[in-house]
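Engineer: As a plain string of letters, each chain reads:
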Amino acid sequence: MKKVYLFLALVATVALASTSKIASLRDGFMEGTPEVKSISALTFGPDGILFIGDSKSAAVFAIETKDNQKIEKAAAVDIKKIDQRIAALLGTEVQNITIQDIAVNPLSKNIYCAIQLADGTPALLKITGDKFEAVNLKNIKFSSVDLVNAPAEDAKDQRGRPLRGLSISDIGFANGKLMVSGLSNQEFSSTFRIIPFPFTKQQDQSSLEIYHAAHKQYETFSPIRTFTTSEINGKQYLIASYTCTPLVLFPMEDLKPGKHVKGRTVAEMGSGNSPLDMITMKSGKGSFLLMANSSRPVFKVKYESIESFQGSLTTPVEENFATAGVDFVSLPVMNVLQLEKLDESQFLLLQRKSNGDLDLWTGGERYL
Amino acid sequence: MKIIRSIQISFLLLLVCQACITKDKQPSVSIRWENERAKAFIIEGISSESNSSLQVRLIKEGERTSILGEYSIEDNHIIFQPIVPFTKGLNYELLLKDSIIAEIQIPKGDLSTPELIAIYPTNDTLPENLLKLYFQFSESMQEGHSLKHITLIAENQDTLRNTFLDLQPELWNADGNLLTVWLDPGRIKRGLQPNLKLGAPLVHGKQYSLIISSDWKSKAGVPLKVSIKKNFVVGKRDELSPNPNQWGISPPPSKTKDPVIIQLHESLDYALLMETIQIFDDHDNAIKGFIELDQEERNFQFIPEEFWNSGDFKIRIESRLEDLSGNNLNRLFDQDLTKINQSESSEFSEIHFSIK
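Residue numbers (the numbering used here), protein chains in the order written: chain X, 1 to 368; chain U, 369 to 724.
Next comes chain X alone, as it looks inside the complex (with noise of 0.2 Å):
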């Protein structure tokens, strides 16, 4: 009996602390509807939270989407001429929309696709299989944060026009801390921001100044475009690529506000390319980086084989577009603008097919 009353009280301590840890999450949620002016990239948190990087407000919101039905398998999903479909479903022509970003939630595995119009009108859908859905963003819950002080008097030319612009290239959660990258229209360098979450009115967010070093040579400031974070020799990594090319790593603990941080180059992915976008998936047959480019296929790197790259990169590559360091197979996927984890051992591409259409499809073991 006493067994029992035992049980039942580490079931009850055990509910309040996990209802605790999710209201927690909440800190600082507000009801209402949130100013998003522009939604560049989507990430989703933990138990259905939803951020959304807004380039025009230089802000980042943490909504609730509600939707935190866990399922553990998403459906394949094959969705053929996806921006036609999407322009149609808004009411407009596939020339005045742009996908900016697709985001899976890890629970339900529901598709999150940010939208933009020629007329930078935002628009977030939710795809389930087949069906398309808009995102309610009307008197929810949510918090926010600013990602720029604005200047004390907003800089303006001798016209009054602002001039001023935030593009976030990429966002991504991990360890309860939010990671944005962000580009400025102005001056050439990184603002790389980790801001723990929930959000806090003080801005407790570290901006890093983050270098590359060139072979040992040169070095230069380096905007992040695009990045994902991985466990390499039970240490946890940022993996990166930059405007100018190089995957470089940079352990996560050495990311501390105000400091210099240069990431290890631990391979070039090639002239006259550029790394778009990047996840992590695991198969039975380990761990791996899996890389989109804007004029190579879709590249695979075990991370086995990141962990066994030490040291810098420091030979340039001798043959014309050739790529250096770490050992990567191409996979025959090309023109990938997207890619995303669907589940454990699926992934989304969104992809430009060679007669023009824009395909949104699943890959799975075959690639991994």
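A hint or two may mislead.
[What the hints assert, rightly or not] Covered, in the sense of this in silico footprint (three residues per stretch, anywhere, with C-beta under 8 Å from a C-beta of chain X), are these stretches of chain U:
no.: 1; region: 416 to 430
no.: 2; region: 596 to 602
no.: 3; region: 624 to 636
[Claimed, not checked] Calculated pairs, DSS-like style, for lysine-lysine (alpha carbon to alpha carbon, straight line, at most 30 Å):
no.: 4; chain 1: X; residue 1: Lys126; chain 2: U; residue 2: Lys428
no.: 5; chain 1: X; residue 1: Lys37; chain 2: U; residue 2: Lys587
no.: 6; chain 1: X; residue 1: Lys353; chain 2: U; residue 2: Lys565
no.: 7; chain 1: X; residue 1: Lys80; chain 2: U; residue 2: Lys565
no.: 8; chain 1: X; residue 1: Lys141; chain 2: U; residue 2: Lys407
no.: 9; chain 1: X; residue 1: Lys353; chain 2: U; residue 2: Lys593
no.: 10; chain 1: X; residue 1: Lys131; chain 2: U; residue 2: Lys407
no.: 11; chain 1: X; residue 1: Lys70; chain 2: X; residue 2: Lys285
no.: 12; chain 1: X; residue 1: Lys37; chain 2: U; residue 2: Lys593
no.: 13; chain 1: U; residue 1: Lys593; chain 2: X; residue 2: Lys80
no.: 14; chain 1: X; residue 1: Lys81; chain 2: U; residue 2: Lys407
no.: 15; chain 1: X; residue 1: Lys126; chain 2: U; residue 2: Lys593
no.: 16; chain 1: X; residue 1: Lys131; chain 2: U; residue 2: Lys593
no.: 17; chain 1: U; residue 1: Lys407; chain 2: X; residue 2: Lys138
no.: 18; chain 1: X; residue 1: Lys282; chain 2: X; residue 2: Lys177
no.: 19; chain 1: X; residue 1: Lys81; chain 2: U; residue 2: Lys428
no.: 20; chain 1: X; residue 1: Lys37; chain 2: U; residue 2: Lys476
no.: 21; chain 1: X; residue 1: Lys81; chain 2: U; residue 2: Lys456
no.: 22; chain 1: U; residue 1: Lys565; chain 2: X; residue 2: Lys300
Treat the hints as calculated values from the structure; they're not laboratory data.
On a predicted model such as this, the values are computed, not experimentally measured, just so you know.
In this text, a Cβ means the ideal position worked out from N, Cα and C, and glycines have one as well.
Starting from the known structure of chain X, arrange chain U on it as the hints suggest.
Structural biologist: Same frame as chain X, but now just chain U:
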């Protein structure tokens, strides 16, 4: 037999619809405009309970697609607001229980023609390691496909590829009328593979033409008046940081609103010049005024709102001010570590002048 059945169904639908339409008014649809955008349909003459039977469809190339949006009731009218505004020039239809009750074309309206006001730097000689270009338009432009409208031609014959960095989202200011385009930094940074293999995007001594296509449309959907061509030649690399201590200052006389003129002796970054320089009096009060740049962004003029008093003034320059090659007051765009002489980096530089 089939034909008869379909006629019967149509007749039935018509009866159902008649029941939804209010007695005193025929159904009509008007467009609600906000900031020159067609935001919603105002549907009158239909009972407010029928909104669950309504559907708005886009008509395009014979296809009809029901569009996403929400219905609400205002002053006994039904409002349909699509999740993004209706597109000018396109046709839509309103259905009640599968019967078309209205067809609506969104008028294009009387719209102004956008213009490309300036391309910065305005110089006709640019450094080999030029980092960025700014395009200033008269109004907000369509975003997302900008590089399709920008072509760079070398020596009047070769269209260059992989010169500009294709970024999504693109680098627009908040108003959407100033676009920043980077020349591929991987090709400018010495020692990186793209630089070693493809070389710098621009080559010393060569002539180039930058062509902006007239297909580029404003957010309202109106294309540029004309295509624009900017010719320039490429000079040598700029490997020096801007140095405010070498700038010349021409102070204005007191009791005037004449500009204080700063001779920068080189062209600096347009957007940063407009934002990183402030003038303070000897009590540390910022002077309010306007900035004008001339002589290819080599001259910085500050025109005060109020008359100048005599006294000592300081010009505070944020260190993030860059030249055309991304070198700022603290550091070079790519620092040669073998030759480096680490200097102290500071947030500001200050220079002084007096007005008599």
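Engineer: Each of the hints needs a verdict: does it hold here or not?
Structural biologist: Now for the hints, and whether the structure bears them out:
1. 416 to 430: holds (count 3)
2. 596 to 602: Our answer is that it is violated, as 0 residues pass the Cβ test (under 8 Å) against chain X, missing three.
3. 624 to 636: violated (count 0)
4. Lys126/X / Lys428/U: holds, 24 Å
5. Lys37/X / Lys587/U: holds, 15 Å
6. Lys353/X / Lys565/U: holds, 28 Å
7. Lys80/X / Lys565/U: Distance of about 37 Å is beyond 30 Å: violated.
8. Lys141/X / Lys407/U: With a Cα-Cα distance of about 25 Å, the restraint between Lys141/X and Lys407/U holds, given a limit of 30 Å.
9. Lys353/X / Lys593/U: violated, 34 Å
10. Lys131/X / Lys407/U: holds, 24 Å
11. Lys70/X / Lys285/X: holds, 26 Å
12. Lys37/X / Lys593/U: Answer holds: Lys37/X to Lys593/U is near 29 Å, not above 30 Å.
13. Lys593/U / Lys80/X: violated, 37 Å
14. Lys81/X / Lys407/U: It holds: about 26 Å lies between the C-alpha atoms, which stays within 30 Å.
15. Lys126/X / Lys593/U: Status violated; Cα separation ~39 Å.
16. Lys131/X / Lys593/U: violated, 42 Å
17. Lys407/U / Lys138/X: holds, 16 Å
18. Lys282/X / Lys177/X: Holds, because 22 Å separates the two Cα atoms, which is no more than 30 Å.
19. Lys81/X / Lys428/U: Holds, because 16 Å separates the two Cα atoms, which is no more than 30 Å.
20. Lys37/X / Lys476/U: holds, 24 Å
21. Lys81/X / Lys456/U: holds, 23 Å
22. Lys565/U / Lys300/X: Holds, at about 23 Å.
When each numbered hint is compared with the structure, violations occur for hints 2, 3, 7, 9, 13, 15 and 16.
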